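Top to bottom, those sequences are chains P and U.
Everything in the first sequence is counted per this note's numbering, starting at 3 for the first residue and increasing by one.
Everything in the second sequence is counted per this note's numbering, starting at 146 for the first residue and increasing by one.
To be clear, the hints were calculated from the coordinates, so they are not data collected in a lab.
Please read all numbers here as calculations on a predicted model, not as lab measurements.
Please note: incorrect hints may appear among the correct ones.
[Unchecked claim] Taking beta-carbon pairs under 10 Å as the criterion, some of the chain U residues facing chain P (in silico):
hint, residue
1, Tyr159
2, Ala203
3, Gln204
4, Gly209
5, Phe214
6, Asp224
7, Arg230
8, Phe237
9, Gln238
10, Leu331
11, Ala334
12, Arg337
13, Leu338
The C-beta atom is built at its ideal place from N, Cα and C for all residues, glycine as well.
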Amino acid sequence: MRRLTALFPSVRAADRRLLREGRLSGPMPWVLAVMLFLTTLAAAGGLALGQAAQRMGGGLETRATVQIVQADADARERQAAVTLTALRGDPAVRSVERVGAAEMAALLEPWLGAQGTDDLPLPVLIDVGLTRADAVPDLARTLARVAPDARIDDHRAALAPVSRLIGTLRWLALAIVLLMTAATGFVVVLAAASALDTHRGTIDVMHLLGATDIQVARLFQRRIALDALFAGLIGLGAGMLVLTLIGRQLAGLESELVGAVALPAWGGGVLVALPLATTLLAAAAARWTVVRALGRLL
Amino acid sequence: MGSIVRFENVGLRYGADGGSDGETLSDLNFALAPGSFYFLTGASGAGKTSLLRLLYLAQRPTRGAIHLFDEDIVTVPRDRLPGFRRRIGVVFQDFRLIPYLSVYDNVALPLRVAGVEERDLDTPVREMLAWVGLASRADTRPATLSGGEQQRVAIARAVIARPEILVADEPTGNVDPEMAGRLLHLFDALNRLGTTIVVATHDIHLLSRVSNAQTLRLEGGRLSDPTGALRYPPRNSA
Chain P
3 MRRLTALFPS
13 VRAADRRLLR
23 EGRLSGPMPW
33 VLAVMLFLTT
43 LAAAGGLALG
53 QAAQRMGGGL
63 ETRATVQIVQ
73 ADADARERQA
83 AVTLTALRGD
93 PAVRSVERVG
103 AAEMAALLEP
113 WLGAQGTDDL
123 PLPVLIDVGL
133 TRADAVPDLA
143 RTLARVAPDA
153 RIDDHRAALA
163 PVSRLIGTLR
173 WLALAIVLLM
183 TAATGFVVVL
193 AAASALDTHR
203 GTIDVMHLLG
213 ATDIQVARLF
223 QRRIALDALF
233 AGLIGLGAGM
243 LVLTLIGRQL
253 AGLESELVGA
263 VALPAWGGGV
273 LVALPLATTL
283 LAAAAARWTV
293 VRALGRLL
Chain U
146 MGSIVRFENV
156 GLRYGADGGS
166 DGETLSDLNF
176 ALAPGSFYFL
186 TGASGAGKTS
196 LLRLLYLAQR
206 PTRGAIHLFD
216 EDIVTVPRDR
226 LPGFRRRIGV
236 VFQDFRLIPY
246 LSVYDNVALP
256 LRVAGVEERD
266 LDTPVREMLA
276 WVGLASRADT
286 RPATLSGGEQ
296 QRVAIARAVI
306 ARPEILVADE
316 PTGNVDPEMA
326 GRLLHLFDAL
336 NRLGTTIVVA
346 THDIHLLSRV
356 SNAQTLRLEG
366 GRLSDPTGAL
376 RYPPRNSA
């Protein structure tokens, strides 16, 4: 707490006048605002992709689909019956549900039209809920013994490329956030050095009047921290606006996969914390820069 | 206390010029008595400003020892120097007023640096401004003042915190003779309150205008002693 207070020192109004420019002056706050805007988008992207991965994984890891592909309808039904019996008797199976004819027709309607599928030798589909994610290989062996035409599809395997892509994008988002954070630190260091040059005369006078390095650093620290806070709020506001617009467009797509890409409930808190974290970073970087520069004076 | 300032074999060299021949100041050995008044004279380039910079701790000597308030400030840790600086008032040759602060805020700056509470600032700052005849200009910016008025603001800022030593670099260089006389009167009054005064000037007419002043003369970076200020015991010593 004491360290946090040191980053946000209270400075008297009269002392604040020692650095004459007002808030949001010069390019630094606007550069920070742009960086916060991009950081907000990258962080939101990473969080939303994480949420999507979790939703996909959570829904699909413990689900599998059994297909019985047999042209002969009698044989298909016999195998379906023994498969259902075998699945219901397996401790790794939580739920078993055969996909009904009406549901099959609805699934195929986009491709075959509404004229019906009664005459087609459609495979039997059985939706299986599992108690554990790694039960599929054992079930496949069991089914191979009782129903030679049964195939069990592991949804995880089907969606693995998508999961890998999402994972890569999440790491990319994290990398962007970290790079932006580092760049923010560099921008603040440059801004503090520039402000030191601008106020060199004032600093020299204060120094010779007996001001300590920390007294001088506090002035810059407070000013830069406030600039960073305002810039952060501008960047966050712009980022949230863009995210809201994108969210509405995604919702309009009515896609289950795309719909899974959404901020988690706590994601808003993380995004709001970004300008605060930037402010802390800016205050620390400004203090370090100023104290280091003053250390070169006698 | 015998001396408030003591220089022992002090030399100062700027840059990388080798040997003592390249020194701006050489072999300075002298002591200043507390409560005394000194003029530091010498031709332009003799090293007056460099000597003052050593006195107000803007510069460390290249060699030798400087004792200030009985401590060797050459070896004292850097974080203790602000405490010494607060005991020294400085009138810079170019005033160094902060242009965007009011006269009041410029004069109050040493007290604020020293951590004096705002409620305790007003009386001493107003009194000081009245003392230098600028009470009515408290809210104006330095740029709107004449050279003599700016000089008085600089003096007010230098003495507001009641320093033990006042160092002034050519304080009468930019003012007419009448104003120079008034400024010297201010220094003399401060000296009578116990402050040790060191005034660097190349104006020899000033030297006779303070009756008890002693003169230190710099020639080519070395100190001569026309009034015996260095040879005789400090005035206030026991």
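Hints, one by one, checked against the model:
A least Cβ separation of about 14 Å between tyrosine 159 of chain U and chain P goes past the 10 Å threshold, and the interface hint is therefore violated. Look at alanine 203 of chain U: its Cβ gets to within about 6 Å of chain P, closer than 10 Å, so that hint holds up. Annotation: interface hint on glutamine 204 of chain U holds; nearest CB of chain P at approximately 7 Å, less than 10 Å. Interface hint at glycine 209 of chain U: violated, since its Cβ lies 16 Å from the closest Cβ of chain P, which is beyond the 10 Å cut-off.
For phenylalanine 214 of chain U, the interface hint is violated, the least distance from its beta-carbon to any beta-carbon of chain P being 13 Å, above 10 Å. The beta carbon of aspartate 224 of chain U comes within 7 Å of a beta carbon in chain P, closer than 10 Å, and the hint placing it at the interface holds. For arginine 230 of chain U, the interface hint holds, since its Cβ comes within 10 Å of a Cβ in chain P; the closest pair sits about 4 Å apart. Taken as an interface hint, phenylalanine 237 of chain U checks out: its beta carbon lies about 8 Å from the nearest beta carbon of chain P, inside 10 Å.
Taking 10 Å as the C-beta contact cut-off toward chain P, the hint placing glutamine 238 of chain U at the interface is violated, the least distance being around 13 Å. Against a cut-off of 10 Å between C-beta atoms, the interface hint on leucine 331 of chain U is violated, since the closest Cβ of chain P lies about 19 Å away. Annotation: alanine 334 of chain U was flagged as interfacial toward chain P, and the flag is violated, the nearest CB pair being 22 Å apart, outside 10 Å. Using the Cβ-Cβ criterion of 10 Å, the hint placing arginine 337 of chain U at the interface with chain P is not satisfied: the shortest such distance is roughly 24 Å.
A cut of 10 Å between beta carbons decides the hint on leucine 338 of chain U: the least distance to chain P is about 20 Å, and the hint is violated.
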